[in-house]
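Construct the entire structure; sequences and hints are all you get.
Quick note, the sequences are listed as chains U and V, same order.
So that you can map any letter, position 436 of the first sequence is 451 in this note's numbering, and since no number is skipped, the others follow by simple counting.
So that you can map any letter, position 65 of the second sequence is 456 in this note's numbering, and since no number is skipped, the others follow by simple counting.
Simulated from the structure, these hints should not be mistaken for lab results.
Note that the structure is a prediction, hence the values are computed from the model and not measured.
Cβ atoms here follow ideal geometry from the backbone N, Cα and C, with glycine treated the same way.
Some hints here could point you the wrong way.
As the list claims (entries may be wrong) - Some residues of chain U that are not near chain V, with every Cβ distance over 12 angstroms (derived):
#	residue
1	LYS76
2	VAL106
3	LEU369
4	ASP400
5	GLN421
6	PRO444
7	LYS468
8	ARG484
9	LEU650
10	GLU672
11	ALA746
12	GLY820
Stated by the list, open to error - No farther apart than 35 angstroms at their CA atoms in a straight line, the calculated lysine-lysine pairs in the DSBU-like style are these:
#	chain 1	residue 1	chain 2	residue 2
13	V	LYS527	U	LYS585
14	V	LYS410	U	LYS861
15	U	LYS858	V	LYS527
16	U	LYS853	V	LYS418
17	V	LYS523	U	LYS833
18	U	LYS853	V	LYS410
19	V	LYS523	U	LYS861
20	U	LYS850	V	LYS430
21	V	LYS410	U	LYS804
22	V	LYS418	U	LYS868
23	V	LYS410	U	LYS784
24	U	LYS788	V	LYS402
25	V	LYS527	U	LYS861
26	U	LYS772	V	LYS402
27	U	LYS784	V	LYS402
28	U	LYS833	V	LYS399
29	V	LYS499	U	LYS788
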Amino acid sequence: MSSMKLEELIEELRRIAVKNNWHLKYAKFGELGHQNLLMHSLSVMSIALRIAEVIGLEQEKYEILVISGFLHDALKSSDRWQRAIKERGSVPEDFWQRNPEELNRIIDQYSDELGIPDHVRKAVKDIIYVVESIESVENLLEALKSRPDSTVAHIIELADKIGSFKEPMEVERVSSDSKLATILRKFGLVLDYHQVDIVRGITTQLLHKGIMKAYEKAGYTPVAFFSTGTIYIGKRENVREITESDIIECVNEAIRSFYERNAKKLGEAAYGAIGQTVIKVPEFLFFSDATIKSFWEFVSGKFDDVKKYIINMTIIRNSIINLLGQNDEVKNVLNELRKELYEKYGIEDHIFDLSLKIIHKSSKDEKEVLVKGILNSALGKKESDLKEELKEIYLNFTLKLLKIGQEKYNLNKRLCEISKILISDLIHPVISGGAESRERILDESFSKYSEGKENKPPLCVLCGRPAERKAIASLVGEGAETFLNLLRGGRIIGGDAKAWLCDLCYAEFEMRSILGGGGQKRFEEIIYILPQISIGFLIVEKLKQSVEHAIANWQVTNGIEGNYLHWAEKIVKEPEEIDPLSNWSELFNILIDKKKQKQNERKIKKIIKELLESNEGYREILEKTYGDISEELILERYLDNSLKKDLVDRSTPNSLEKAIGMAFIEELERKLREKKVLVEREIVVSESPNYILIGMQKLRSYNESEASSMIRKLFIGAFQALVFQSTVIFASKNDVLRRPHLISKGYVKIPHNIIVKELLRRYRIGYTKVLGKEFYGWVGFDDIIRTLKILGAAVLVEDILRRAGADYGANTLLEILKRSPGVILNRFVQNVESKSIKREALKLLKYLNILNKNHQISIS
Amino acid sequence: MRKIIVMKEVKEFNAEEVKELVNRIVKVLVEYLDTFVPKTPGWSKHTIMGPVGKLLSLITSGRFENRDAIIGYVINVHRNTARSDYVPKEAIDKLNDALTLMQELRKKVSTRVWLRLLREIDYAVYKSRFEKLLAKTQEKQEGA
Numbered sequence: 016m017s018s019m020k021l022e023e024l025i026e027e028l029r030r031i032a033v034k035n036n037w038h039l040k041y042a043k044f045g046e047l048g049h050q051n052l053l054m055h056s057l058s059v060m061s062i063a064l065r066i067a068e069v070i071g072l073e074q075e076k077y078e079i080l081v082i083s084g085f086l087h088d089a090l091k092s093s094d095r096w097q098r099a100i101k102e103r104g105s106v107p108e109d110f111w112q113r114n115p116e117e118l119n120r121i122i123d124q125y126s127d128e129l130g131i132p133d134h135v136r137k138a139v140k141d142i143i144y145v146v147e148s149i150e151s152v153e154n155l156l157e158a159l160k161s162r163p164d165s166t167v168a169h170i171i172e173l174a175d176k177i178g179s180f181k182e183p184m185e186v187e188r189v190s191s192d193s194k195l196a197t198i199l200r201k202f203g204l205v206l207d208y209h210q211v212d213i214v215r216g217i218t219t220q221l222l223h224k225g226i227m228k229a230y231e232k233a234g235y236t237p238v239a240f241f242s243t244g245t246i247y248i249g250k251r252e253n254v255r256e257i258t259e260s261d262i263i264e265c266v267n268e269a270i271r272s273f274y275e276r277n278a279k280k281l282g283e284a285a286y287g288a289i290g291q292t293v294i295k296v297p298e299f300l301f302f303s304d305a306t307i308k309s310f311w312e313f314v315s316g317k318f319d320d321v322k323k324y325i326i327n328m329t330i331i332r333n334s335i336i337n338l339l340g341q342n343d344e345v346k347n348v349l350n351e352l353r354k355e356l357y358e359k360y361g362i363e364d365h366i367f368d369l370s371l372k373i374i375h376k377s378s379k380d381e382k383e384v385l386v387k388g389i390l391n392s393a394l395g396k397k398e399s400d401l402k403e404e405l406k407e408i409y410l411n412f413t414l415k416l417l418k419i420g421q422e423k424y425n426l427n428k429r430l431c432e433i434s435k436i437l438i439s440d441l442i443h444p445v446i447s448g449g450a451e452s453r454e455r456i457l458d459e460s461f462s463k464y465s466e467g468k469e470n471k472p473p474l475c476v477l478c479g480r481p482a483e484r485k486a487i488a489s490l491v492g493e494g495a496e497t498f499l500n501l502l503r504g505g506r507i508i509g510g511d512a513k514a515w516l517c518d519l520c521y522a523e524f525e526m527r528s529i530l531g532g533g534g535q536k537r538f539e540e541i542i543y544i545l546p547q548i549s550i551g552f553l554i555v556e557k558l559k560q561s562v563e564h565a566i567a568n569w570q571v572t573n574g575i576e577g578n579y580l581h582w583a584e585k586i587v588k589e590p591e592e593i594d595p596l597s598n599w600s601e602l603f604n605i606l607i608d609k610k611k612q613k614q615n616e617r618k619i620k621k622i623i624k625e626l627l628e629s630n631e632g633y634r635e636i637l638e639k640t641y642g643d644i645s646e647e648l649i650l651e652r653y654l655d656n657s658l659k660k661d662l663v664d665r666s667t668p669n670s671l672e673k674a675i676g677m678a679f680i681e682e683l684e685r686k687l688r689e690k691k692v693l694v695e696r697e698i699v700v701s702e703s704p705n706y707i708l709i710g711m712q713k714l715r716s717y718n719e720s721e722a723s724s725m726i727r728k729l730f731i732g733a734f735q736a737l738v739f740q741s742t743v744i745f746a747s748k749n750d751v752l753r754r755p756h757l758i759s760k761g762y763v764k765i766p767h768n769i770i771v772k773e774l775l776r777r778y779r780i781g782y783t784k785v786l787g788k789e790f791y792g793w794v795g796f797d798d799i800i801r802t803l804k805i806l807g808a809a810v811l812v813e814d815i816l817r818r819a820g821a822d823y824g825a826n827t828l829l830e831i832l833k834r835s836p837g838v839i840l841n842r843f844v845q846n847v848e849s850k851s852i853k854r855e856a857l858k859l860l861k862y863l864n865i866l867n868k869n870h871q872i873s874i875s
Numbered sequence: 392m393r394k395i396i397v398m399k400e401v402k403e404f405n406a407e408e409v410k411e412l413v414n415r416i417v418k419v420l421v422e423y424l425d426t427f428v429p430k431t432p433g434w435s436k437h438t439i440m441g442p443v444g445k446l447l448s449l450i451t452s453g454r455f456e457n458r459d460a461i462i463g464y465v466i467n468v469h470r471n472t473a474r475s476d477y478v479p480k481e482a483i484d485k486l487n488d489a490l491t492l493m494q495e496l497r498k499k500v501s502t503r504v505w506l507r508l509l510r511e512i513d514y515a516v517y518k519s520r521f522e523k524l525l526a527k528t529q530e531k532q533e534g535a
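Quick look at the structure:
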């Protein structure tokens, strides 16, 4: 045992806990959130470890600390405790004191499996007796006799308190808890926290990240992460006061580094859509030479037909001119362009002047004149050469306008402004002083609006802050420029009378569009992977890596749908095999479409070969790292996500080598995207440890009804929640989550939809019984496996029906859950080829029986 | 404005009791189908349900009121569609049992629920019989 490393010990504890279904049992519950026993135990253990690091606990005590921290609430795993809490809503106050044998039994069971020596086992028991005040006379005497280590006991007591806070602001209550205050005094520790009122997505992650940095600079260590904030701990003598300027500086730094890291994507994200706002974020376009280049590269790849290409590229060019206005400098650059086009294609002045007026709505004839002018002069030229030439001309034209653009649209200035207003989302430590003036502005603009003097609505349609910018469809999504019932009745929609956003919501959508890499099809779905109440640093790291790894594999393998089916099969066949917080690679690397995977692997190898041949530097770096530059090896490292780690993240390479390594990975991924091998359907954002955000495209390529898609999402969300041991919330693209939405009451939140609700009621999905009351809205910890089985069976039935051509179109999943199994079976038999009836019907019946068994009002 | 017309289900029933009764009816009808071997085998609903399909549509339409008339009709369908025209006594007994249970069920529920339940019974019998036949075929294949 003593030879076991701390990480191995923690992994063993997790494994045994999962075997004993701790992930399906409650530890914390109440109006402000629920947490399962596995995550509570891991959290408390993780917090205890952080406290031990801060106070400098002796290394030899870590083993006892980890085991006692993990097992401190072990008695809650007993069936009696779980039953009592669910049925009666409470457990007798002396429950712990009355059940020392049960606690002993659980600790012994863990100790036996871990192979812990007797003295450690005894120490763990004594510490837990003290922490949980198990004061039956004999146990107390026993505990006193062995004099448990009070330092370890106090660390665990403190960690348990912090791990039991339902939100960071409960730190305020510490002063009224004399026991806790004594422990903090004994260790010379201070607690502090930050908390936000609203979760917007990426901006809030950057806010969390910035504030965490500010606290770390002030001598604090983060110990527990909530979706709305973080609790910090620090030695009284080492910490200093946090000021508003510290926070603004660190938040600004976090935001700036986000933009810098994604500079290449800025250009793509600057583009909106031809029929809408063409340059949706001018600040991105005029950020640097590189962004202008990536902008034109991106837009030129969007149009295949040469006529459309010429027209649309001209419309885009005109949008840029319109942004800057026709001042003298712009006119000079325009004249140069006029000259170049005349020399190259013989475009005469009147045609050029006409081309300047071309917009999306221009008549076909006007557009034709320009197209003919260019095409006639380019007779005999290859289409691709012509396109490339035109792109280069417009690229150079825009580069000449860079300086003028930067004067008008300065991103850095805006980022500073965003940082300043972003901290107004904070409840603690800084409450923005702008609240009063904000109220006044709101009052003024509201009266102007209601008196009809102003068309602009006073409030942001998403979060209710003062509205600052017009929402544009290419950024926010459809509906921004159509009817909105927040507008005054009788107004014509258009001009200023449309949805408006505050600066923060606007910044949020800009950031999403950067990660999405342009186009409107990005971020159709948002998944929040939130902590169950709170989470410790140990799990955060693992979770972050795992989610990123999982998503990376989905992208490379194109196996998203394959994964869903694989998960469904797994949960239906062997639910006990799903090991939470563990077998990621097995769950996410599954490649149903082997043929496609092989094709993709061949393509990746070819691209690697091309890259190695084209660049000596790449070859040298890879040879130095691996000693071998075979495409197979590099492909293998890329697929298991370790290429970046080997080339960039290791400490050995120098900065030049790191830069070359990074360039290799970036070029490889760019080429993979071009060849459609890497399909970025999901983007993971985990800037801060507080939560993970996954932006996704639509789940299926075919059109699916909203209700059917919600059921599918519920399945995926429930599965992810189980394996990631988190709370999963599906949000629509435009949702801003406020504190009540973020309260975790189980694994996954049921979508709000009357059809879905009615269907799920038939299977009793989403009903949780805790504290003697039953409520609807969440899949509880104890119901996750049954829920997944039902939804997994429905997903598998859908797959069989689709393959047989017997599906119900957009409503298939809905109909499967709604109709009798016999009806589904009949439909299948009517459509399937007779030779495969028997084989497929066996599977179908198996899945239908699962549905039928769980149907609360079903017959037979 | 005209008053809203509210439709209210007046006949209340015990869901558990009805569910149990429906399951019994399905079971008896599936047992009856054990005595029926269609002339041309197949997996379609029409083939698998045999005379039970006719029986249920007859009851849904309410064409016959007399129990003997219903049984007579079903026996006739049985003889015409089965491989052998002999109808065993056991089959008639099962039909009788099923009708008795159905009468009991009819008394417990409203017309609206009754019609819905008949549809449920129809597809439940189909599914159960299909499952049974599939298991038999499987056994045969494994045996061979």
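Against the structure, the hints:
{"no.": "1", "hint": "LYS76", "verdict": "holds (58 angstroms)"}
{"no.": "2", "hint": "VAL106", "verdict": "holds (32 angstroms)"}
{"no.": "3", "hint": "LEU369", "verdict": "holds (59 angstroms)"}
{"no.": "4", "hint": "ASP400", "verdict": "holds (61 angstroms)"}
{"no.": "5", "hint": "GLN421", "verdict": "holds (63 angstroms)"}
{"no.": "6", "hint": "PRO444", "verdict": "holds (56 angstroms)"}
{"no.": "7", "hint": "LYS468", "verdict": "holds (38 angstroms)"}
{"no.": "8", "hint": "ARG484", "verdict": "holds (44 angstroms)"}
{"no.": "9", "hint": "LEU650", "verdict": "holds (43 angstroms)"}
{"no.": "10", "hint": "GLU672", "verdict": "holds (62 angstroms)"}
{"no.": "11", "hint": "ALA746", "verdict": "holds (36 angstroms)"}
{"no.": "12", "hint": "GLY820", "verdict": "holds (16 angstroms)"}
{"no.": "13", "hint": "V:LYS527 with U:LYS585", "verdict": "holds (27 angstroms)"}
{"no.": "14", "hint": "V:LYS410 with U:LYS861", "verdict": "holds (22 angstroms)"}
{"no.": "15", "hint": "U:LYS858 with V:LYS527", "verdict": "holds (16 angstroms)"}
{"no.": "16", "hint": "U:LYS853 with V:LYS418", "verdict": "holds (23 angstroms)"}
{"no.": "17", "hint": "V:LYS523 with U:LYS833", "verdict": "holds (24 angstroms)"}
{"no.": "18", "hint": "U:LYS853 with V:LYS410", "verdict": "holds (30 angstroms)"}
{"no.": "19", "hint": "V:LYS523 with U:LYS861", "verdict": "holds (13 angstroms)"}
{"no.": "20", "hint": "U:LYS850 with V:LYS430", "verdict": "holds (20 angstroms)"}
{"no.": "21", "hint": "V:LYS410 with U:LYS804", "verdict": "holds (23 angstroms)"}
{"no.": "22", "hint": "V:LYS418 with U:LYS868", "verdict": "holds (16 angstroms)"}
{"no.": "23", "hint": "V:LYS410 with U:LYS784", "verdict": "holds (25 angstroms)"}
{"no.": "24", "hint": "U:LYS788 with V:LYS402", "verdict": "holds (30 angstroms)"}
{"no.": "25", "hint": "V:LYS527 with U:LYS861", "verdict": "holds (16 angstroms)"}
{"no.": "26", "hint": "U:LYS772 with V:LYS402", "verdict": "holds (26 angstroms)"}
{"no.": "27", "hint": "U:LYS784 with V:LYS402", "verdict": "holds (31 angstroms)"}
{"no.": "28", "hint": "U:LYS833 with V:LYS399", "verdict": "holds (23 angstroms)"}
{"no.": "29", "hint": "V:LYS499 with U:LYS788", "verdict": "holds (32 angstroms)"}
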